[in-house]
Every structure is written in C-alpha cells, then in structure tokens.
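Protein chains: 2
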Amino acid sequence: MPNWVDGHPAESLSIKDRGLAYGDGLFETIAVRAGRPPLLEYHMARLAEGCQRLGIPLDLQLMRTELLAFSAGLGEGVAKLMITRGEGLRGYAPPPVALPRRILQSSPFPVYPQVNGVEGVQLFPCVTRLAEQPLLAGLKHLNRLEQVLARNEWQGSEFAEGLMRDQSGRVIEGVFSNLFIVHEGALITADLSRCGVAGVMRAALLDSARAQGLKVEVRDIPFEDFLQADEVFLCNSLFGVWPVRSVTGHHWPVGPLTRKLQAIARDLLDI
Amino acid sequence: MPNWVDGHPAESLSIKDRGLAYGDGLFETIAVRAGRPPLLEYHMARLAEGCQRLGIPLDLQLMRTELLAFSAGLGEGVAKLMITRGEGLRGYAPPPVALPRRILQSSPFPVYPQVNGVEGVQLFPCVTRLAEQPLLAGLKHLNRLEQVLARNEWQGSEFAEGLMRDQSGRVIEGVFSNLFIVHEGALITADLSRCGVAGVMRAALLDSARAQGLKVEVRDIPFEDFLQADEVFLCNSLFGVWPVRSVTGHHWPVGPLTRKLQAIARDLLDI
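Protein sequences appear in the order of chains A and B.
Residue numbering for the first sequence follows the working numbering, starting at 3 and increasing by one per position.
Residue numbering for the second sequence follows the working numbering, starting at 3 and increasing by one per position.
Mixed in with the good hints, there may be bad ones.
When chains are identical, the list treats them as one kind, so a pair holds in a single copy or across two.
Unchecked claim - Derived DSS-like pairs (lysine-lysine); straight-line CA-CA distance at most 27 Å:
| id | residue 1 | residue 2 |
| --- | --- | --- |
| 1 | K82 | K18 |
| 2 | K217 | K262 |
| 3 | K18 | K217 |
| 4 | K217 | K82 |
| 5 | K18 | K262 |
| 6 | K18 | K142 |
Rather than coming from a laboratory, the hints here were simulated on the basis of the structure.
All values reported here derive from a predicted model rather than from experimental measurement.
In isolation and in its complexed conformation, chain A is listed as follows (with noise of 0.2 Å):
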C-alpha cells in the first residue's frame, strides 16, 4: 500500500525532522471509502485549528489536494496523515521559516469485533492520567506518550477500549476514541479544554445531534456522573460508535440515544 512523503512515494524521513525530535506536528487517522474520506471536512478544519494552534505554516489547499489524490489511490482504507514543522536547527527555537512536512501512510481497514457495536464493550480503567495542559489540550498533536503508556495497562481482548481520566478523576475520553454519556435524554461529552484529543467523530456526533434537536452539553464529567449515566458510549473516526456496556463491575444498558448516535455515525461513515 503506497506512502507518500511531501505529495511523493517515500518510506523514509530525515533524521533531523522535528517530528521525531519533539513530535513538532499533528495527525489525522482518516477512513477511506470508495476513494473519498467521509469526514474530510472534519479533517481539514481541525489540522487547520492544530497548525494555527502551534504556528505551522501549513498550504492546506495543497493539502486537501493531495489527501484526496491519496485517498482516490487507497480506494479503501485508512489514511494516517502527519504534519510535521519539518527540519530545525539544534534547540527548540522553531526555524525562522518553516517547511512543513506531509506524511501519508495508508493501511487497511482495521476489523474490529462485530459484537463491540452490537452489544457493546468492557472498558479497562487505565491508571494512566491525562495530564493538563490548555495550551496543546484538544489537538491531535505527535506528544502521545500518554496514550502508549495507558494502552500497554491492558492485554488481550476482554477490553475493548480504556477509560481515560483527568488528574482530578473527571472522565475524559477513551486511548483512542472520545466518550459520551446519556443522562435523562440530554447527550453530554467531555469539555476538552485542559486535556483529551477533540476527534473529529465527536465533532460530526455533536453537529448531527444539534441538527437533530438533541440536548447536548460539553462540560466536565465528574466520575459519580459517569457512573450514574443512563448510558454511555465511545466514538472515533474508523469504528463508529461502541456502546459501553462495563467497566469495573460498573454496567449500563445499550439504550435508544446510542443506537440513534450509532445510526448517525454509520451514515457519516459510509458503513
């Protein structure tokens, strides 16, 4: 399957890129169906947020132009973009003029089990906490240390997915997927403003549900919230949406607000 590195087949990277010095960019984990991503537009406003946010110089028209001859080449599968500040100098200092660097990788499809979306999953509770940081809080950017630490809580299949939460205890989002509850009919996601990756599935949930006239908060999810939700589930970008059916001897009923988001990101997905 190809990989492209600034709009060409490439396998490798300079070692002095900055990606890997101090994970100086951000990426997008984009599905591919028939030859299009369902969510570019999603995409694109939120590299566009992220370069802004970090002072990268990103052609995002050049961009979008090259995701989507990527993508009609993948046909179907995944797209890892990555956008890195490119070569530096020794030191921190961003270089006075940058050039950013476009990295698309593609795979295929991953299969996850059908039963996840049926029935719903089992949650680890990762020990792991986010830290807080209103500055990088948000963005799908390359500092994910976080996130290998907490995957590698769990082995095996019990667990479908892990719980993520603040230094504080509130809940925050799953390794790699954003986490909603339900709560007497209003659909409520975490506040992203200190911490958590904003997934652009979140985004397209929260705009169908408002479209729809649904109730929905952002705010803070204090842990006793989450244990008492009528529901809760889980979303990304490849998946959907997974009902959460456990975690910790905790449990919650598949109930009819997750089978409608479920709908609703099956449709944004093409699946």
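On the provided structure of chain A, position chain B as indicated by the hints.
The following block gives chain B in isolation, referenced to the frame of chain A:
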C-alpha cells in the same frame, strides 16, 4: 559530521517509527570533549531509568559501546542520542517484541556568548506552564511540544533562557536547562516528580555539592522563594552554569555559591 542509525551511517528513518508517530522514545544531548563524553555515566544512568519507566528494552551495553565509538570519531562536539521503540503496527499499543532504534547525530559544540557565564543571563518569563504528569516527569522523552511552545515565546538575544513554572506557578526549570536557587547557604533545586526534565548536569552538581558537604535541598520552589533567593543559576550539560541576573524587573547578584558550582561544572565538562 557523522550520523548513525543502529550503528551505521544513515540520514533517514522509516516513517513507521514510533518515535515519529508518538514521540515514543527518549533522548540525550551529550557533550563530547577529546573523543569522550565527560558525563557518560550520568547519561547512561538516565537512559537506563527512562527505558525502564517506558518499558523500552534497550541493550544498554551495546548503547554504551556505540556511543563511545561515535564520540571517538566525533572528537569535539555534541552527540545527540535518540532512542525510539522502533517500528510498530497501527495504534498506540507497543508491539509485543519491540526492536528499539538507536539514532546518533553530531553537531558542532554550540558557541554561547561568554557574557552569559561571566555576568549572568536574563530570563524570559514564559507563559507556557508545564503540565503535571508524574508518569513522565523527570524523563528526557521525545514529547517536547511544551518546550517548543515556550522557546517560541521570545526571539533575539536579550533573553538567553526562559523560566518555566508548573500549572500552580511553582518554579521548575529553564526551557533547556535546570535551575537552582541559593537561600541562606543552601543549594535548592526543584523536585521533578510531577514535571520537568532531570538534567544530567543537575544530577552531577547535586552529587558534587553533597560530596563537598554543601547543604542541598530538592523540594518545591514557590515563586516567592525564587524571588527572595540570594542567588539563582541555571545549568545544563553543554554550557555548564550560567548565573541568572534578572527576570521581569527582579535582580539577583552573582554570588559565591554560583561561582563555586560554575567551577565544578567546568571541571566536569573539561572546559
């Protein structure tokens, strides 16, 4: 100047490397004088601790041999060592059998203004605050976006370094150095169990100071203690010790303990 990947001359790395994808690795910035790294044992000890805490199965004996050979070839300069967890499958989960990658890059010894060491430096008060993550605190890992943001807050040569505080405002370190204060004859440096990078020069100075019977404290440094300090200085493994003479209108004299530690650092670095 030479660069090596896994012991062989190389300038590039696979785009599938987890160092790029997640910053899943560690680094060391190593002064090399007359073909040898004077702080070798401190670098190897920190690398060992980092690998142990991140679960990276690095062959430390091989690493030491390789670093010594690289240093001998380099003669005078800086050896930047990066260790990554190597290539992986898609997703955060570390591969069951990781093959860590060893990257060595050389650069000339940096030339700092002599006045920095003689008269001291002015600190830029960084707005970027360090997030608190005990699981990663102290490590020199590859997730360094906070330092990139902080270093980008000032340009030009008026400020030689920036002051970094934690989310609660405590004084932690410089952007690329550690910080000490002197109070009533005691040498005090920040406790780095919640955030910060535990520099090798900091460790070497702490050892030397203790060996000479100086009073040493590793503890939290409230901003008020910093402002009321008798002396303030910075250290790292390239420049040794720089006195701090001011930050935002507050001034310190260059005192006798700073000069004492500066001489120790010069001896350690052979400069």
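| Violated constraints from the hint list, given by number and in increasing order | Violated hints (numbers, rising): 3, 4 and 5; every other hint is consistent with the structure.
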